[in-house]
Amino acid sequence: MKAALKTESAETAPEEGKRTVGIVETQYYTFAEPPWTVALESGETLGPVTLAYETYGTLNREKSNAILVLHALSGDAHAAGFLRDEKVPGWWDAMIGPGKPFDTDRYFVICSNVIGGCKGSTGPSSVNPQSGKPYGTEFPFVTIADMVHVQRHLIDFLGIDRLLCVAGGSMGGMQALQWVASYPERVRSAIPIATALKHSPQQIAFNEVIRQSIMADPAWRDGNYYETGQPEKGLSVARMIGHITFMSDQSMEEKFSRKLKKGRLNFNFDADFEVEGYLRYRGANFVKRFDANSYLYITKAMDYFDLSGGKLINARAMDTRFLVISFKSDWLYPSYQSQEIVRQLKLNQVDATYCELKSTYGHDAFLVELEGQTTLIHHFLEKTYLGPRNGNGNGNHR
Amino acid sequence: MEMGMEIIDNGIRPDHQVIFDMIEPGARVLDLGCGAGDLLHLLAQDKEARVQGIELDEKAIYECVKKGLSVCQSDIESGLAEYPDGSFDYVILNQSLQEIRKVFFLLREALRVANQVIVGFPNFAYLNARLCLGFGGKAPMTPSLPYQWYDTPNVRFLSISDFRSFCAEKGFVVENARFLSGVKTITFWPNLRALGAIFLLSLKHDGGKVP
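The listed protein sequences correspond, in order, to chains C and U.
One point on numbering: in this note's numbering, the residue at position 355 of the first sequence is 355, and numbering is uninterrupted.
One point on numbering: in this note's numbering, the residue at position 11 of the second sequence is 1011, and numbering is uninterrupted.
Treat the hints with caution; some may be incorrect.
Stated by the list, open to error - To spell it out: a stretch of chain C is covered by chain U in this simulated footprint if at least three of its residues, at any positions, have a beta carbon under 8 Å from a beta carbon of chain U; those stretches are: (1) 350–362; (2) 368–376.
To be verified - Pairs of lysine-lysine, DSS-like flavour, derived with a Cα cap of 27 Å: (3) U:K1066 - C:K328; (4) U:K1204 - C:K18; (5) U:K1047 - U:K1059; (6) U:K1059 - C:K328; (7) C:K63 - U:K1170; (8) C:K358 - C:K328; (9) C:K18 - C:K87; (10) C:K233 - C:K119; (11) U:K1059 - C:K18; (12) C:K259 - C:K233; (13) C:K198 - C:K288; (14) U:K1059 - C:K358; (15) U:K1066 - C:K358; (16) U:K1102 - U:K1170; (17) C:K311 - C:K233; (18) C:K300 - C:K18; (19) C:K262 - C:K233.
These are calculated hints, taken from the structure and not from any lab test.
Bear in mind the structure is a predicted one, so any value in this text is a computation, not a measurement.
Glycine included, C-beta positions come from ideal geometry on N, C-alpha and C.
In isolation and in its complexed conformation, chain U is listed as follows (with noise of 0.2 Å):
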């Protein structure tokens, strides 16, 4: 897959592209935490997605709703619920999950509702991390974490290693992973290397079946 400067170019965020490869043409997608609705957008419009989105903000609503989106207004800890078994194909939790509080609970469900969910979330092992805490003594700031100790919005603070050992705990199977520094995706060393993680995880490993 080409990444890099093509990106930027077409003006679409980096995990946005990384998430969006990984979707089949024509899948049943939710979103939890859609925002203002990008990334529903290019699926439906370049994937002919079915996609439905979850988000808490009045305004993201709108700007949802302008794009031709369908949108429950609701928190994501609770959005899940009504849906029944295997309603969509993907459930998308991008850039959320470290501020969950019940992170278990809300992947079980997920993976009750769709048959794969795609987790995208910072890296808090990432080398300037590691320096910012090791050497200047301080709670970490990065691309990825940009936020002081007072006003994160974070419960949750995980490295790639973390999710993988928690995935193999739980029982999740990782059928996927992609690693981003900037708008490069890498592979190598990734956990110290990464700004932030997007995992594809399923229930059962069936087979050689990589989307």
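One chain only, chain C, in its complex shape (with noise of 0.2 Å):
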């Protein structure tokens, strides 16, 4: 499984200033195979289960280097570098590459697709063994805790003990939190960015009318559809929606302002305004690439994970340092909630760094190559691979 473990990184996109990982491969990792099963939080049992992942660098021989990137909502295995034949690099290429905060140089960066996803990993768009057609709404509940657990099975399949670092945005933040929750003995740095330890009853809300506007389209049929073609319009709709949440009043301002697409207004339902026009074409497009019932599955597991009252610090002694990241105009996961993370590392006397960026770009910003995200990430990733004696010492006087 060496080959795995490798990315080819001689080429690298030309017109680019900075160097890329260059083209890189998604891979898949499959187990649980008749007769096992994993065992989810709801009850039931989902068997077999793959992993679509991706890694950059080269794991080192302490396997010490390695980190976990855990992605947002619509996110995928893809996180850096060119896919063949594709122009646009992954989701967090600005942050993973030789000399970016996650350097791929000197670490070894994974990112796991989740399951109940559409972009390779077992999911309600793949076939149920048991009836050789989709899942459908036949797929059971998963939640972020059975995310990732079944991640934990791809590390321990890569051979590595302790990850350096599990890092993400939105509800890659979230699993990161529950990678600490649930293995504490295995991570010995987390970062969290722009996310919470639960949903406020707003972020459900939101939740809601996204999952409200695919299933009243009536081409989602009770998500059987597979056959039929997917709810196109209930499903753009609802990225649209989510699109709004993750932009700031400012950042559409100064996107959009009140431009009009023709220069004039039309006095019919067409899109007058740039902004119309940018949601509906981020809507269309988002229907090509993604599974409404996985929109359903995975806003659901949002919804019901919940981290608050204590439960995200489980272990005695807890080493684990913190490096928690929030954004001034996010209103969506707003800055309180990753006080009230800090809150519960304070409590717990966990090591923490937390730093509210100034940003206009609301929610999206984590994915935006900032230059406050990138000074922080890149310290408190450097400082903690090069271990305590060179940060902080044991106050153990005592």
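Please assemble the complex out of the two chains, which come individually in their own frames, going by the hints.
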């Protein structure tokens, strides 16, 4: 399995000033094949399970340089570099690569897709071995803890005992927190970004409107649409709602203001304003790359997630370091939710750094190459990797 | 303790040196308003202290993280609430006491989360400040009080004597006090001659235990 741990890094995109990890390939790990299954939090079982994942950089001899990067709601395993014949790099290419904060010259970076998704991992659009047809809504409900549980199987398979870091934004941050809650001894550090210990009623409300817009589309057909085509209108509206919540008032003003697509009002229900055109474009594009049922399942998993009330820290002597980041203009995951994470860390005397970064990008900020985020993650990882001698003492004088 | 030229030679701020000397090796230290983290870095490196900072300024936080320090963004007055009793051996409150509104509340909170609190502040009764006000008839400006009346962040103007009275009245025990005039520490007539003071406080006096 040595080959699985390597990525081709010879080729780089010439138009980019910064180096990239080059051409990458998504890999697949399948386990829990009969007679085995994976037990889920709901009490149901799932098997076999396939996880799509990519790796960048090289695992060192001590296996101490592995970082697990976790994606958000609609993300996938393709976090950095370019898939063959594709011009758009992975979703966190700004942060992962040679000389970037997740420095692939130094670290072995893994990005795993989640179960319930539709990007190569087992999800509602996968074929149910019982019926020979796609699961649809027969697919069992999965939680963030289930997603992390199966990722742990992948990390076991890759032979990694302890991850140097788990990191991600939004739902990726939830997974990072869940890693700490479920497997504290296997995580040296965690970087939860723009995330929360639990969804607020407002966040659940947005997700419910998103789900309703999918389910209200007659093409949804109770989730059995794989032969008839997916509920494009519903899914498109769902994604439009999402995009509104990812931006800030200010970033929308800067990007669109009240600019008109044709320079005049149409006096009909076409897209007059640029912001309307943008949302329609984003919605229409999304249905080409994402499964409606996956959107339902994953938003539900996010709403079920709840590590509040002391459930985050389960180990008595926790030595996992934290870097918690939030963004000033993020109203979907407001800073008070990150501060609640920090509060739990302080209560348990866990080593924590927290910073609210100034950004106008709203919730999207974690995906953007922000100087503050770059600086913080770069140095935080470096000190974690080089060990406590270069950072903090033990404080054990008594 | 040798003070003076040595301080300039090793590049350490004189108030940092005094605080450094007060802290036991391997202690757990929380610095309220840690700035770029120079003092905490020194304590982590040379005293193997387990350190944590609280700082509001984003750029200062980057500097701390570059040094490998852990720092939480918060204002000083609300940053302590979540820490359990006795989380630290020392809380440092250096050069920010004069900017605090709820002084008693903050010091009591600091002495809840730590066994000892180190407080550093500029002395408003320094000779030149007295001359400034007494003879010049103007709001004092000194090396430790470098602001004009209209742009000072300070909201409390206190002398070393004021602080001693305050501690006596509120039941804070002064375990140790050092007085600074430039790079030197002084012992004689500090309320008149010192630019600033650094106090080591505790709640209960336990005999001869002086760090």
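Evaluated hints:
Given a C-beta distance limit of less than 8 Å, the hint that chain U covers the segment 350–362 of chain C holds, as 8 residues qualify and 3 suffice. For the segment 368–376 of chain C, the stated coverage by chain U holds: 3 residues have a C-beta nearer than 8 Å to a C-beta of that chain, and at least 3 were required. Between the alpha carbons of K1066 of chain U and K328 of chain C the distance comes to roughly 22 Å, so the proposed pair stays at or under 27 Å and holds. Our distance criterion of 27 Å between C-alpha atoms is broken by K1204 of chain U and K18 of chain C, whose separation comes to about 59 Å.
The hinted pair formed by K1047 of chain U and K1059 of chain U meets the criterion: a straight-line CA distance of about 26 Å does not exceed 27 Å. For the suggested pair K1059 of chain U and K328 of chain C, the alpha carbons sit about 15 Å apart, so the restraint of at most 27 Å is met. A threshold of 27 Å between alpha carbons decides the hint, and for K63 of chain C with K1170 of chain U the separation of about 55 Å lies outside it, so the pair is violated. The suggested pairing of K358 of chain C with K328 of chain C holds, with an alpha-carbon distance near 5 Å, which does not exceed 27 Å.
Simply put, K18 of chain C and K87 of chain C have alpha-carbon atoms about 15 Å apart, close enough for the 27 Å limit, and the pair holds. Only pairs whose Cα atoms come within 27 Å are accepted, and K233 of chain C paired with K119 of chain C is accepted, the gap being roughly 21 Å. The straight-line distance between the Cα atoms of K1059 of chain U and K18 of chain C is roughly 25 Å, inside the 27 Å bound, and the hint therefore holds. Between K259 of chain C and K233 of chain C, the direct Cα distance comes to roughly 25 Å. Compliance with the 27 Å bound is thereby established for this hinted pair.
A distance of roughly 30 Å separates the Cα atoms of K198 of chain C and K288 of chain C; the hinted pair therefore is violated under the 27 Å criterion. Using a Cα cut-off of 27 Å, the hinted pair K1059 of chain U and K358 of chain C holds, with the two alpha carbons roughly 11 Å apart. Straight-line distance between C-alpha atoms of K1066 of chain U and K358 of chain C comes to about 19 Å, which keeps the hinted pair within the 27 Å bound. Of the supplied pair hints, the one linking K1102 of chain U and K1170 of chain U holds, its CA atoms being roughly 14 Å apart against a limit of 27 Å.
For the hint pairing K311 of chain C with K233 of chain C, the CA-to-CA distance comes to about 39 Å; that exceeds 27 Å, so the pair is violated. Between K300 of chain C and K18 of chain C, the direct Cα distance comes to roughly 38 Å. Violation of the 27 Å bound is thereby established for this hinted pair. The suggested pairing of K262 of chain C with K233 of chain C holds, with an alpha-carbon distance near 24 Å, which does not exceed 27 Å.
In terms of the numbered hints stated before, the structure departs from hints 4, 7, 13, 17, 18, listed from lowest to highest.
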